[in-house]
Amino acid sequence: MAKILLEMKNITKTFPGVKALDNVNLQVEEGEIHALVGENGAGKSTLMNVLSGIYPHGTYEGDIIYDGKVCRFSTIKDSEKLGIVIIHQELALVPEMTIGENMYLGNECGHKFAINWNQTYAEADKYLKMVGLTESSKVQVKTIGTGKQQLVEIAKALAKKARLLILDEPTSSLNEEDSRALLDLMLSFKKQGMTMIIITHKLNEVAYVADKITVIRDGSTIETIDNHGQEPVSEERIIKGMVGREITNRFPKREGVQIGDVKMEVSHWTSHHPLYPEKKVVDDVSFYVREGEVVGIYGLMGAGRTELAMSIFGQSYGVNFSGELKLNGQHVKLRKSEADAIRHKIAYVTEDRKGNGLVLSQSIKVNTSLANLGAVSSHTVIDGDKEYAVAEEYRDKLKIKTPSVEQLVGNLSGGNQQKVLLAKWMFAEPDILLLDEPTRGIDVGAKYEIYCIINDLAAAGKCVVLISSELPEVLGMSDRIYIMNEAKIIGEMKAEDATQESIMAAILRSGRGA
Amino acid sequence: MDNKTILAALKKNAMLIVLVLVYLFFLFLTKGGIFSPSSFTELINQNAYVYILGAGMLMCMLTGGNIDLSCGAFVCLLGAFGGVFMIVLGLNTGLSILLLVLIGVAYGVLLGFLIAYVHIPPWIATLAGYLAFRGLGTAILSGNSKTGSLAPFPEDFRNLFYGRIFPTDKGVFNWPCFLFGLFAAGMVAFVIFSTRKSRLAKGYEADSIRTACLKCGLGGAAILLVMTQLSLDGGIPTTLLWVAGIILIYTFITSKTTIGRHFYVVGGNMEAARLSGVNTRRIMFLAYLNMAVLTSIATFTVVARSQSAYADVGKNFEMDAISACVVGGVSASGGAGSVLGMVIGATLIGVINLGMSLISLDANYQRVVKGFVLLAAVVFDILSKKKKS
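Each protein sequence line maps, in turn, to chains Y and S.
Take the first sequence: its letters are residues 1 to 514, numbered as in our numbering.
Take the second sequence: its letters are residues 1 to 389, numbered as in our numbering.
No wet-lab data here; the hints were simulated from the structure.
Mixed in with the good hints, there may be bad ones.
Below 16 Å or equal to it, Euclidean Cα-Cα: the simulated EDC-like pairs (lysine to aspartate or glutamate) are [what the hints assert, rightly or not]:
| # | chain 1 | residue 1 | chain 2 | residue 2 |
| --- | --- | --- | --- | --- |
| 1 | S | Lys256 | Y | Asp383 |
| 2 | S | Lys202 | Y | Asp383 |
| 3 | S | Lys256 | Y | Glu387 |
| 4 | Y | Lys280 | Y | Glu486 |
| 5 | Y | Lys397 | Y | Asp456 |
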């Protein structure tokens with residue numbers, strides 16, 4: 001048996017009123033990839049923050065034994081000195097600085113008052129090569145894509161002489177291709193003897209890279225699963241541990257939904273990039289949605305799905321629009337105004353709930369009523385009691401877990417935030433909902449609940465456009481699927497005819513310029 | 001009520017407690033001088049502009065920590081115009097006031113347009129006014145007067161912004177003033193208890209009966225105390241009506257109306273507000289239009305009090321208004337803050353100013369003390385909030 005590099009023993013961490021971690025144990029062997037899985041709010045990130053010294057020694061109970069010694073970190077620097085490096089989910093790069101500057105930020109080469117830039121860039125280039133990046137380290141970070149930025153983060157960690165690398169949701173903002181490349185990179189590091197801990201929601205990735213899987217639920221370790229067998233461990237097996245029950249069907253069935261007439265029809269819809277007006281971000285797109293229908297739009301990141309949805313929603317993204325929009329068979333001329341779109345009963349539920357969906361510094365109540373404030377007020381005076389009642393109603397309806405609707409949205413977990421976002425748009429009483437990645441970054445249990453909400457919406461006769469880059473989700477939830485690639489719709493399939501293979505094949509065919 | 005809730009209440013009202021402590025401190029230093037009836041009148045008249053500009057600055061800051069640097073210089077320019085209208089040209093007071101408000105609206109529209117629709121950063125757009133208006137105002141003043149100041153303003157103008165309602169001689173108890181105080185205290189009690197009742201009836205969270213009584217008792221007592229002292233000093237200053245009116249109107253706007261809510265969400269997350277159908281540009285526009293109009297009202301109270309328009313009038317007013325907001329807990333990055341907080345901040349600054357001039361501290365040291373007290377107040381506030389989380 002290999003040597004144990006890290007052991008966390010009986011870790012208990014309490015926040016005011018909440019026990020975030022309760023006697024958690026974790027053992028990581030040298031040279032393995034250890035996956036940490038659990039629902040949102042289960043305590044994975046808290047555990048890693050304890051390990052890296054963000055929560056200093058003394059604020060938690062229990063022991064950290066690293067490389068045979070008991071460690072008491074009081075800052076991140078202490079843990080980094082021993083080679084424990086954490087890469088956070090949200091990238092911590094300064095966009096205006098070069099790759100090299102970013103990699104050595106706080107860890108500069110040379111003298112305190114005379115940074116050795118030649119050495120910085122030479123070293124940086126060396127590490128960039130190790131992660132398979134061909135960019136020069138003198139390039140500004142903002143000029144490279146998210147996938148490459150993630151690799152820069154890893155190169156940065158390598159530059160810190162990492163022995164134990166912790167990756168918190170490294171692929172959450174990457175497309176499938178980049179994700180796979182990143183996972184393969186992890187496997188190659190493993191061969192060189194690096195030890196890694198990966199936190200992720202994507203269970204197929206876990207099965208692919210991890211040697212061992214530790215499941216955390218409600219602040220306690222549930223089990224550690226070995227993934228060394230002949231067959232990779234099944235996703236169902238992991239989910240069972242995560243949610244404490246077996247989810248036999250990840251996508252609830254829609255029953256008794258009558259699909260009606262065509263509600264919205266978009267034809268020859270074209271829009272251009274706001275900064276580079278010659279570039280088309282939506283190119284001659286035509287599609288329709290029927291009443292009570294869930295239409296999936298699948299495409300890789302950057303295929304133009306978000307741009308399409310936002311341009312329909314009051315031209316909130318892009319310039320130089322052309323094309324025709326019909327609602328209920330009537331030609332509609334939407335002005336460049338989000339309020340106008342809402343009046344026409346269109347809702348766009350953003351993929352970026354923190355950035356442009358929710359006001360995190362405000363309460364659940366304020367966020368719920370935001371898009372339809374008129375309904376809880378008379379003559380522009382808000383009826384506080386009515387607003388409260390509405391917020392309570394949606395809290396019950398969507399099972400938002402919170403002590404009070406006066407709670408600030410910023411204090412909720414990702415899944416609950418997503419539900420507040422949905423509540424806001426459901427309260428706006430739209431006929432057409434454009435849902436952009438409605439389950440991004442939330443756990444299996446919350447996903448299931450959101451799927452149920454989508455089904456309820458369809459059953460109520462709403463049109464749902466489900467934009468997603470998760471193939472199983474699109475396949476599991478949609479009645480009809482459009483496939484987008486490079487700003488165009490390249491295919492339409494009925495759900496029963498579509499398979500993962502046929503969709504990917506369609507994208508590959510169009511990508512080759514066929 | 002256990003210790004925990006008391007502690008939480010103390011922390012929530014940290015700045016109010018600081019205000020009381022600072023007041024007691026000056027009460028001791030001035031041997032009761034700051035408690036004299038005339039001090040109360042002085043406190044209100046001297047600081048009226050801080051409350052009025054503070055209300056405008058609050059609305060700007062809510063939209064994302066944006067400020068208006070030009071309001072102090074704009075006071076000088078409007079004062080100069082006022083002097084020309086009322087003293088040099090001898091125009092009717094009502095007409096002059098209307099013209100000055102219109103000049104305010106014109107500047108507000110221009111500023112709002114530049115900031116909201118041309119996307120000029122607010123501090124740069126207002127820096128231009130900060131630089132230009134005082135120069136223009138001083139030029140107008142020296143062009144119309146050898147001394148560089150215009151005085152005196154007509155009697156009716158001064159009565160409107162620096163007079164008293166039902167005036168009586170000093171020392172004679174002014175019953176209208178006291179009765180008004182009783183009425184105001186009664187209104188406070190009514191609002192507190194009727195809100196509580198309706199919330200309880202619908203089964204929502206509400207204050208306990210003790211908290212409600214405490215709030216009502218303290219609020220009512222403070223109002224009665226101020227109004228009693230004013231009754232002994234000749235009656236209600238008209239300035240108080242202007243200030244109280246503006247405070248009430250803006251409290252209502254920020255807490256009860258959709259437009260007020262929009263100010264908060266624009267400051268909390270501009271993109272989310274836009275994608276929820278809020279006309280974010282209009283909100284930015286209104287913030288600065290509103291600021292300019294309030295600046296014109298502030299000008300009236302200041303010019304009426306000093307009885308003249310001069311080159312230095314309005315100096316550093318923008319800083320006073322910003323300080324009142326920041327001390328009053330308005331977020332420097334927008335999206336959070338209340339009119340009540342701003343009022344407490346403005347009063348704290350006013351009490352410090354008045355206290356120091358009562359003990360006749362050297363003007364230079366007054367500034368030093370003010371600087372440190374402001375810093376200390378904000379540090380105290382932030383530390384007390386930090387411990388809470």
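Tested hints:
In summary, the hint linking Lys256(S) to Asp383(Y) is supported, as the alpha carbons are separated by about 8 Å, within the 16 Å threshold. The suggested pairing of Lys202(S) with Asp383(Y) holds, with an alpha-carbon distance near 13 Å, which does not exceed 16 Å. For the proposed pair Lys256(S) and Glu387(Y), the alpha carbon gap of about 11 Å is at most 16 Å, so the pair holds. Between Lys280(Y) and Glu486(Y), the direct Cα distance comes to roughly 9 Å. Compliance with the 16 Å bound is thereby established for this hinted pair.
A distance of roughly 11 Å separates the Cα atoms of Lys397(Y) and Asp456(Y); the hinted pair therefore holds under the 16 Å criterion.
Checked against the numbered hints above, the structure violates none of them.
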